[in-house]
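Engineer: Sequence:
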Amino acid sequence: MKKILNNYNIKNFSYYLLLLALSIFFYYRHVLNADEGVILNGSWNLFNNLNLYTDFFEIIPPGSFYLIYYGFKLFGPYYSVANIISLLLVWGSAIGIYKSLDLIKRNKANFIFPLIFILSLIYLPIINHNLHNLFFLIWSVFFFLQGLKNNSNPHFFLSGLLGGLATIFLQQKGLTLISFSFLFLLVYNIKNKKIKNIIIYSIGAIIPILLLFLKWPPKLLYQNLIAFPMLTYWEVNKTSFLLLIVFFLILVYLSIYLKNNSTIINYLLGLQFFLLLSVIPLPDFYHIVLIIFPTLILIPSLFINNQTKETKIFILVVITIITFSSIKYLVTSFTPFYSYSKNKSNDWIEYINKNCPGKYIYSGPFFPNLYFETKKLNVTNFDVLIEKQNTPNQFSKALNDFKKNEPSCAVLSYYENISKKFKHQGNNQLETYIKENYTKIYSKNNIFIYKK
1085 MKKILNNYNI
1095 KNFSYYLLLL
1105 ALSIFFYYRH
1115 VLNADEGVIL
1125 NGSWNLFNNL
1135 NLYTDFFEII
1145 PPGSFYLIYY
1155 GFKLFGPYYS
1165 VANIISLLLV
1175 WGSAIGIYKS
1185 LDLIKRNKAN
1195 FIFPLIFILS
1205 LIYLPIINHN
1215 LHNLFFLIWS
1225 VFFFLQGLKN
1235 NSNPHFFLSG
1245 LLGGLATIFL
1255 QQKGLTLISF
1265 SFLFLLVYNI
1275 KNKKIKNIII
1285 YSIGAIIPIL
1295 LLFLKWPPKL
1305 LYQNLIAFPM
1315 LTYWEVNKTS
1325 FLLLIVFFLI
1335 LVYLSIYLKN
1345 NSTIINYLLG
1355 LQFFLLLSVI
1365 PLPDFYHIVL
1375 IIFPTLILIP
1385 SLFINNQTKE
1395 TKIFILVVIT
1405 IITFSSIKYL
1415 VTSFTPFYSY
1425 SKNKSNDWIE
1435 YINKNCPGKY
1445 IYSGPFFPNL
1455 YFETKKLNVT
1465 NFDVLIEKQN
1475 TPNQFSKALN
1485 DFKKNEPSCA
1495 VLSYYENISK
1505 KFKHQGNNQL
1515 ETYIKENYTK
1525 IYSKNNIFIY
1535 KK
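The working numbering numbers the first residue of the sequence shown as 1085 and each following residue consecutively.
Take the hints with a grain of salt, since some may be wrong.
[Stated by the list, open to error] Straight-line Cα separation of at most 30 Å, DSS-like style, residue types lysine-lysine; simulated pairs:
#1 1299 to 1189
#2 1528 to 1472
#3 1505 to 1299
#4 1192 to 1233
#5 1183 to 1280
#6 1528 to 1459
#7 1459 to 1472
#8 1183 to 1095
#9 1519 to 1505
#10 1488 to 1519
#11 1459 to 1299
#12 1280 to 1343
#13 1528 to 1488
#14 1459 to 1536
#15 1443 to 1528
#16 1535 to 1504
#17 1299 to 1536
#18 1472 to 1157
#19 1536 to 1524
#20 1343 to 1278
#21 1519 to 1303
#22 1438 to 1528
#23 1157 to 1095
#24 1343 to 1233
#25 1535 to 1505
#26 1183 to 1303
[Claimed, not checked] Distance windows between CB atoms, simulated:
#27 1511 to 1488: 43 to 53 Å
#28 1290 to 1190: 33 to 43 Å
#29 1310 to 1139: 14 to 24 Å
#30 1528 to 1095: 21 to 31 Å
#31 1196 to 1521: 55 to 65 Å
Keep in mind the hints are simulated off the structure, nothing from the lab. Predicted, not measured: the structure shown is a model, and the values here were computed from it. Positions of the beta carbon are idealized from the N, C-alpha and C atoms, including for glycine.
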């Protein structure tokens, strides 16, 4: 028995090294985009002693900003620091999926699904709150499954604690996980008269959230993280529901064959349903692929009682959808903006460093990567200023900040999604002021640099 366990541990260790090697191969020094710039800029602001939510406005919880910030504090404000932290979370997420698969049933095919997970994220943003949040979601689910399997209070506490941490990285997905898990425990434990598990899970979940209130007042957090996104986020992120409908149909198929197989499987089915609901505001491939890990964990269970031709076809369909959606996302979203890319023709950052002296710069309407790239600070309080999302008062405040500090340069980037997806026309008071009072000195690849 000891020899079998040793062999199993050696195989697992070797497999984890393979997952790490793949994570490094695909995600080290990958091409970045503006979504990653949000986290890099926020962490850069913290590194420069600016205060989150007061000195600069954000609609994202503090988790990712502080995670990367502490990396900067330890090792310096380098792209490689943020990248390594994030690719380690990709690796850790894949391990969490693998351990969850083994928890349900050890199967020779289990090793396939963490590989699918890693491959599905190729060229997608990883220095990003969505990916960071995923790590905590997956491990919260793993410990919840452990708690259900062993009726273990410590596992429920750890699950709640990780769910609370997930919430301070991304509010809606973390709260979705916590709320569903709490309701599931409520129904399951009342029936079995085991209320203690509910209390222990709730204590674990609420600790990280309460810690936020020690630093920021609840009213400020509510306005930034709940009220403002609810009123504006939908307007600038209208996306087809086709892919979301496909995954709901996949969930229906899984439910037909797996419902009532076990408490663990019922939990995963229910969680998957509510996680799919959580991405309705933005149901594109990136946001969907980050929350279908319960489906990846469930698929091998089809083989337990249902080794049919239809099952094999179903699995092939899921893998094909993920693969082709990933390729489509890559083709439509690939934008080599950064000097970290292998495309050496992007000389505009060097141009800014040579021609734009001073501490401040402005980069908009949605191009926050520039601040971290040039190691300058945003002259305004807003890393994003999109007409359909931000209010006239926010544009007015940004213009006042701009006039007060008068940066040597302003950069406007009108890549395709700015007008096509975000419906931004550039007719606001801030961009009008820049065009009327600054001289255009650079124009290339939809990037325009204006100098005072």
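Engineer: Does each hint hold? Answer for all of them.
Structural biologist: Status of each hint after checking the structure:
Of the supplied pair hints, the one linking residue 1299 and residue 1189 is violated, its CA atoms being roughly 43 Å apart against a limit of 30 Å. Restraint check: the Cα-Cα separation between residue 1528 and residue 1472 comes to about 26 Å, which is no more than 30 Å; the hinted pair holds. Distance hint between residue 1505 and residue 1299 is unfulfilled; the C-alpha atoms sit about 35 Å from each other, more than 30 Å. Straight-line distance between C-alpha atoms of residue 1192 and residue 1233 comes to about 21 Å, which keeps the hinted pair within the 30 Å bound.
This hinted pair checks out: residue 1183 and residue 1280 have alpha carbons roughly 26 Å apart, not beyond 30 Å. Between the alpha carbons of residue 1528 and residue 1459 the distance comes to roughly 21 Å, so the proposed pair stays at or under 30 Å and holds. With a CA separation close to 28 Å, the supplied pair residue 1459 and residue 1472 stays within the 30 Å bound. Using a Cα cut-off of 30 Å, the hinted pair residue 1183 and residue 1095 holds, with the two alpha carbons roughly 13 Å apart.
Annotation: proposed proximity of residue 1519 to residue 1505 holds, straight-line Cα distance about 23 Å (limit 30 Å). With a CA separation close to 17 Å, the supplied pair residue 1488 and residue 1519 stays within the 30 Å bound. Taking the CA atoms of residue 1459 and residue 1299, the gap is about 27 Å. The hint holds against a cut of 30 Å. Proximity of residue 1280 to residue 1343 is assessed by CA-CA distance (about 26 Å); at most 30 Å being required, the pair is judged to hold.
As the CA atoms of residue 1528 and residue 1488 are separated by approximately 29 Å, the hinted pair is consistent with the 30 Å bound. Of the supplied pair hints, the one linking residue 1459 and residue 1536 holds, its CA atoms being roughly 19 Å apart against a limit of 30 Å. Note on residue 1443 and residue 1528: the hinted pairing holds, with a Cα-Cα distance of about 24 Å set against a maximum of 30 Å. For the hint linking residue 1535 to residue 1504, the alpha-carbon distance of about 27 Å falls within 30 Å, and the restraint holds.
A hinted pair counts as satisfied when its Cα atoms are at most 30 Å apart, and residue 1299 with residue 1536 does not qualify at roughly 38 Å. At roughly 36 Å between alpha-carbon atoms, residue 1472 and residue 1157 are farther apart than 30 Å, so this suggested pair is violated. As the CA atoms of residue 1536 and residue 1524 are separated by approximately 9 Å, the hinted pair is consistent with the 30 Å bound. For the hint pairing residue 1343 with residue 1278, the CA-to-CA distance comes to about 23 Å; that is within 30 Å, so the pair holds.
Distance restraint check for residue 1519 and residue 1303: the Cα-Cα separation of roughly 37 Å exceeds the 30 Å cut-off, and the hinted pair is therefore not satisfied. The straight-line distance between the Cα atoms of residue 1438 and residue 1528 is roughly 17 Å, inside the 30 Å bound, and the hint therefore holds. Note on residue 1157 and residue 1095: the hinted pairing is violated, with a Cα-Cα distance of about 36 Å set against a maximum of 30 Å. Proposed proximity of residue 1343 and residue 1233 is supported: the alpha carbons are some 17 Å apart, at most 30 Å.
For the hint linking residue 1535 to residue 1505, the alpha-carbon distance of about 28 Å falls within 30 Å, and the restraint holds. For a cut-off of 30 Å, the pair hint linking residue 1183 to residue 1303 is broken: about 39 Å separates their Cα positions. As the Cβ distance of residue 1511 to residue 1488 is approximately 23 Å, the hint placing it in 43 to 53 Å is violated. The given range of 33 to 43 Å is respected by residue 1290 and residue 1190, whose C-beta atoms sit roughly 35 Å from each other.
The hinted range of 14 to 24 Å is satisfied by residue 1310 and residue 1139, whose Cβ atoms lie roughly 21 Å apart. Between residue 1528 and residue 1095 the CB atoms are about 52 Å apart, so this pair departs from the stated range of 21 to 31 Å. Our hint of 55 to 65 Å for residue 1196 and residue 1521 holds, since their Cβ atoms are close to 58 Å apart.
Hint compliance for this structure: hints 1, 3, 17, 18, 21, 23, 26, 27, 30 are broken, all remaining hints hold.
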